[in-house]
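*Asks:* Here is what each chain is made of, one letter per residue.
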Amino acid sequence: MSLTDLIYAGSNAVAGLTEGAVNDAIAKYGEGHSVGYPDTAYFLPIIYAATGVKIKTLGDLPAAVGILKSLITNKEDLGEALNAGLATAVGAEIIEAIRYLDGDPYANDSGIGFVADPIIRSLGVPLVTGDIPGIAVLLGESSDPAALAAIVKDYQEKGLLTFMVGNIIEQALEAGVKMGLDYRVIPLGHEVTSVIHVVSVAIRAALIFGGIEPGKLPEFLTYTKERVPAFVNTFGELNEVIVSVGAGAIALGFPVIADVPVPEVPGALMTQADHAKTVEFSLEARDIKIKVTKIDVPVSVASAFEGERVRKDTMFAEFGGNKTKCWELVKEAELSEVEDHKITVVGPEIDDAQFEGVDVVRLPLGILVEVAGKSMQKDFESVLERRIHYFTNYIDGAMHVGQRNIAWIRLTKEAFEKGFRLKHIGEVLYAKMRADFDNVVDKCQVTLYTNLADVERLEEEMVKPIYAERDERMGALTDESVETFYTCTLCQSFAPSHVCVVTPERLGLCGAVSWLDSKATKELDPAGPSQPIEKGEAVDEKIGIWESVNKTVAAASQGAVERVTLYSILEDPMTSCGCFECICGIMPEANGVVIVNREFSEISPVGMTFGELASMTGGGVQTPGFMGHGRHFIGSKKFMSAEGGLTRIVWMPKELKDDVAERLNKAAFELTGIENFVDMVCDETIATDSEAVLEFLESKGHPALAMDPIM
Amino acid sequence: MSNEILNYDKVAEESLAKAQRDGAETMWDRRAAQKTQCGFGEAGVCCRICAMGPCRVSPVPGKGAERGICGANADTIVARNFARMVAAGTSAHSDHARDIVHAMHHAKAEGPFKIRDEAKLRRIAAEWEIEDAATKETYALAHQMAEIALEEFGKPFGTQRFLKRAPQARQDIWAREDIAPRAIDQEVVTLLHSTHMGCAADYESIFRRGMRTGMADGWGGSMIGTEFSDILYGTPTARASSSNLGVIDAEMVNILIHGHDPNLAEMVVLAAQNPEMVEMAKAKGAKGINIVGMCCTGNEMTMRHGIKIAGNFYQQEMCIITGAIEAVVVDVQCIFPALPELAKTYHTRFISTSQKAKIAGDMYIEFSEATGLDNAAEIVKLAVENFPNRDAAKVEIPDIKQDTMVGYSVETIIQHLDAVVNSQLEDGLGTVKPLTDVIYAGVIRGAAGVVGCNNPKQQHDYAHITVMEELIKRDVICVVTGCAAQAAAKAGLLTLEAKEKCGRGLLEVCERVNIPPVLHMGSCVDISRILHLVNLCADLKGIDPALLPVVGIAPEWMSEKAVAIANYVVGSGINTYLGVIPQVLGSPNFTKLMTEDVQEFIGAHFVFEKDPIVMVDKIMEDLEAKRVGLGI
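Order-wise, the sequence lines are chains A and B.
In terms of my numbering, the first sequence opens at residue 1 and continues consecutively.
In terms of my numbering, the second sequence opens at residue 1 and continues consecutively.
Quick caveat, the hints were computed from the structure, so don't treat them as lab data.
Possibly wrong hints are sitting among the right ones.
[Stated by the list, open to error] Here are the computed lysine-lysine pairs in the DSSO-like style, where the Cα-Cα straight-line distance is at most 27 Å:
#1 A:Lys75 x B:Lys499
#2 A:Lys294 x A:Lys423
#3 A:Lys75 x B:Lys618
#4 B:Lys473 x A:Lys75
#5 A:Lys225 x B:Lys473
#6 A:Lys216 x B:Lys473
#7 B:Lys499 x B:Lys618
#8 B:Lys501 x A:Lys216
#9 A:Lys216 x B:Lys499
#10 A:Lys69 x B:Lys473
#11 B:Lys356 x B:Lys114
#12 B:Lys501 x A:Lys225
#13 B:Lys356 x B:Lys394
#14 B:Lys381 x B:Lys356
#15 B:Lys501 x A:Lys75
#16 B:Lys541 x A:Lys277
#17 B:Lys626 x A:Lys75
#18 B:Lys381 x A:Lys75
#19 B:Lys499 x A:Lys225
#20 A:Lys323 x A:Lys423
With the hints as constraints, model all of the structure from the sequences given.
*Replies:* Below you can see the structure in the form of structure tokens.
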């Protein structure tokens, strides 16, 4: 059978199944029964993207099936055959959605099924920074489970995000592959149709970050081809349905690499029977370049392990966490004072004889990273220091929480047994500092102190004074006190018309890029995403309008956005890429705003979830009344100061409220004299429905109620 | 009628209007003066082989005279006339090749003729099983190869060396049907003998002998011409150029090189680069020397040096009509005898250079391999000195030119294909596998070689461009040579941007391989490159090329060379579509032989179709049938 014949056979089969499933579902539940996926603002996302049609009830589906069937022309033509592949994607999306009618079909499956909007938003930053260099979609059942596991682990070590479909999930689990979102290996499900959940991720990336208008299918295909670095590996024999799914992948621009003979199309559909070569072959096929930092430690070090938790039962050693002291410091030094690649442990190692037979090794720890370089600046110290958190977490078998002198590190028994020691933390920090900051760090040495006396003495004499000095500098860093703001266009690889303006008091909306980060980024990569904006004279400093900012934004967004008001949510608010930590929306009846963070999955008082609120903006579009921002911005005196400032906040999820309470209270007090402002802000433990929220606000005498009407 | 027929071309109208104002005569005037062309000649039934004639038999069976004085019927007369066109066409390509080989025999390290692609020299020497092909001193090897190549024209025994490039299945058919060509001169001579008065009177036998002679062109003369030109002047690589009359520069000394043989043109380019010449041009008030090419000399020069393409066959007069050409330098083939007279309307000097194509009316400077560079220098100097004679009032250059990509030799195509081969594949480089892969997978439906001339029987360039545009739209990749290639250049089809005119599959291929959908493979002798490419694909799959979904097309052909080409393309197992119907319809038997019966013993046939859209429909059916046959 020719390739196109195979594709059509698969597409026709799926079309038949889809039609049957839709008819059965309507017979069982009736046309008015609602259908959809959990926690998404995009209905059936692929159908929505391709046609602009919002599928809400089962009664909407027969028309979609009609469109699907019209895509299958059975004509001998690649374009038509790829359309048939897309029809299979649409069919799979419908079939999977129908499976959700009876509750979560993945409740008892090792797969997770549908990937919710907030997870996709959380992947935005690592994807644009290249921290996740690519997306591997693995499908089938391998004839060689050990080779399969090696492939998955290789992707994991290279930081790729791997989605798995079929029996390879169990095969990989049995071979010891660590799985889950935290490990960047995501089992989707066993039915071939569950592969649609990763297609849905790619399509929603185009909706969320790309801001592409639903219904413009060719633009979606261009987006996924150019901006979503995904590819497919199939394992085992292929049937027509898999080939048809593969055609859909190729239509999206994702090459398919099989381990059995296929009709080859160089660059799109290929065979690589040698599993030892699958990884390199696939990366080359999708043109994914891996930045390798070879680190001489006995365990893997990869961003894929960043989310790993170390629980009590697997823990070997612990530092900090209220049990012992633990601090970390990055300090600039003279070039002559630093001996490059000198790693020193002062005090006992974790394999010291004194720990023989001890249940958990607990030691005080002071991590001192001294860096020197001609372009190094004191302001970069804290930027580099924050990276200790990430670099330590990249270690397979290490967990890092907190920062400064509330740092908390755990190591696993497994890592210890592989030979991992404290000095290896030093090795990892050294290697990553040199690799990631090569423009400013010419030399680096790491000292780890484990004697209590040293740790305490240095904390008082060296560490705390430096923290205090930095805090003072940070406190004095306001939008007024600097002459330069920065752009951040990092996300333009995903959201081509979005540009962040980063100021000392307004960090990037992803929460990952502060003004100091931008300043350092400019130094590290002079032509890179952070470019200075010389402020010049303000048009209106109070609400945040600068001619220089408008000009720069217009240029950096290729003309898509011409005006930005930095401190307003109503007048030309800053755009969003889509990967913001929080979304702020107006609650008119309370004369204020609610803020919802990405992690909060329930409905908010404005009647929308985070995902639904988030879908109102993003993709570089200005939507007055909605604004994405970082958590840190909530404690800023510039927070929507054009509309009266942060005392407009009337509701936040409890977790977010607690997280920002200290800074928010301080800022509110300094601005308005109100003490403990946070106590006046409602949360879901108090009320979520509009009336009850208002009642609460009135009982607390919330200042927003007495302010000028917000709209 | 003339202006009507030129609708398609953007520059023709103003150019012809200018000719009228200037009192210059063009092919259109002469075409009109011809009135209705001879119906007997058109049908191929006029015999003037012996002096008893001319005899003409009725082109309609059963009506009027059915036999000539000697008794030859329409079948015999048509077959003989057709065969003699093959002999002439084969002679033209092969004699061109012989000159190239002679130049190689004159090659020496200090030039001007020297070995520029030594690797290719050694590769072909190895292919021809020369001892020490890898190690022998370059020029000793070159001279030895030149002598062996010259033997291919007159060796007493054996068949053409390059035939071994074909898959065994095809070679077996040639042996079975006795169409494997022997020495080139022998095939021409024996065919002329066969078609002498009172010899062959079996139309199928004449056809077969004609095909064998055509094969001596494709696998002999043309292939030698191509490969030895590459060794001598460099194998073409992808490069940018520009095309159409707008490349003539009003502020420069313009020299038009026209004809087919690169020997002279290479020397002219070399001579024009001489700083002394450039200085002289400046002293005469020009900004420099601008060499522009036409027909296949233009193709040869553009694909090796990026020399701009002034136009194709039917534009040779328009070029002079711009009033801005200082010298037209011609070598051989396709040169209108009308040019010297036309040149006199302007200041333009017309210089013919070959004994084989001495054209009366202006100048003759004989070019020889021994004195090549001196001859060229004389010509360039003459052009430069002619610059002050230009009449500014008569200068009018159409402001139309089109960027273009040229130079896709087989080697360059393979090099581009290599870019999509995953480096994890062992032994994956240096083959046409990616091309056969996309054909077999159906990403592209097939491939077409679109070649040939211009002919006033077709709206100029319209048939070429329509066929190409329709084919790429339907995911058929095109390779082009000759005046068809120049038509494609002018229409913007030889650009990476032309991918937007393609079907989805070919678009993908163009993007991934980074090539235009229509690939310029050179001059008309370079159809041998197309032949080579098809045979590499067939060989990779271990099948007869006749099974592959590929076709040959000559939408606007006119020359005897085209008849020879069509014969060797069909002989090589590739169905060949002719947009101008050859002069054979006077014999229904011979017509049926060409369009049907030959399929049975050669595995390919001719298709006559004047309407380019209908032709494309037929081609698509043909390609799809081939695909079904292969089970792909």
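*Asks:* Look at each hint and say if it fits the structure.
*Replies:* These are the hints, each one checked on the structure:
Our distance criterion of 27 Å between C-alpha atoms is met by A:Lys75 and B:Lys499, whose separation comes to about 21 Å. A hinted pair counts as satisfied when its Cα atoms are at most 27 Å apart, and A:Lys294 with A:Lys423 qualifies at roughly 16 Å. Between A:Lys75 and B:Lys618, the direct Cα distance comes to roughly 17 Å. Compliance with the 27 Å bound is thereby established for this hinted pair. At most 27 Å may separate the alpha-carbon atoms for a hinted pair to count; B:Lys473 and A:Lys75 meet this at roughly 15 Å.
At most 27 Å may separate the alpha-carbon atoms for a hinted pair to count; A:Lys225 and B:Lys473 meet this at roughly 22 Å. Taking the CA atoms of A:Lys216 and B:Lys473, the gap is about 23 Å. The hint holds against a cut of 27 Å. For the suggested pair B:Lys499 and B:Lys618, the alpha carbons sit about 23 Å apart, so the restraint of at most 27 Å is met. As the CA atoms of B:Lys501 and A:Lys216 are separated by approximately 21 Å, the hinted pair is consistent with the 27 Å bound.
Restraint check: the Cα-Cα separation between A:Lys216 and B:Lys499 comes to about 21 Å, which is no more than 27 Å; the hinted pair holds. A hinted pair counts as satisfied when its Cα atoms are at most 27 Å apart, and A:Lys69 with B:Lys473 qualifies at roughly 24 Å. Proximity of B:Lys356 to B:Lys114 is assessed by CA-CA distance (about 24 Å); at most 27 Å being required, the pair is judged to hold. Pair hint B:Lys501 plus A:Lys225 holds up; C-alpha atoms about 20 Å apart against a cutoff of 27 Å.
Taking the CA atoms of B:Lys356 and B:Lys394, the gap is near 33 Å; set against the 27 Å cutoff, the hint is violated. At most 27 Å may separate the alpha-carbon atoms for a hinted pair to count; B:Lys381 and B:Lys356 meet this at roughly 24 Å. Taking the CA atoms of B:Lys501 and A:Lys75, the gap is near 19 Å; set against the 27 Å cutoff, the hint holds. Between B:Lys541 and A:Lys277, the direct Cα distance comes to roughly 25 Å. Compliance with the 27 Å bound is thereby established for this hinted pair.
Taking the CA atoms of B:Lys626 and A:Lys75, the gap is near 16 Å; set against the 27 Å cutoff, the hint holds. Using a Cα cut-off of 27 Å, the hinted pair B:Lys381 and A:Lys75 is violated, with the two alpha carbons roughly 61 Å apart. For the given pair, B:Lys499 sits about 17 Å from A:Lys225 by alpha-carbon distance, which is consistent with the 27 Å threshold. Taking the CA atoms of A:Lys323 and A:Lys423, the gap is about 21 Å. The hint holds against a cut of 27 Å.
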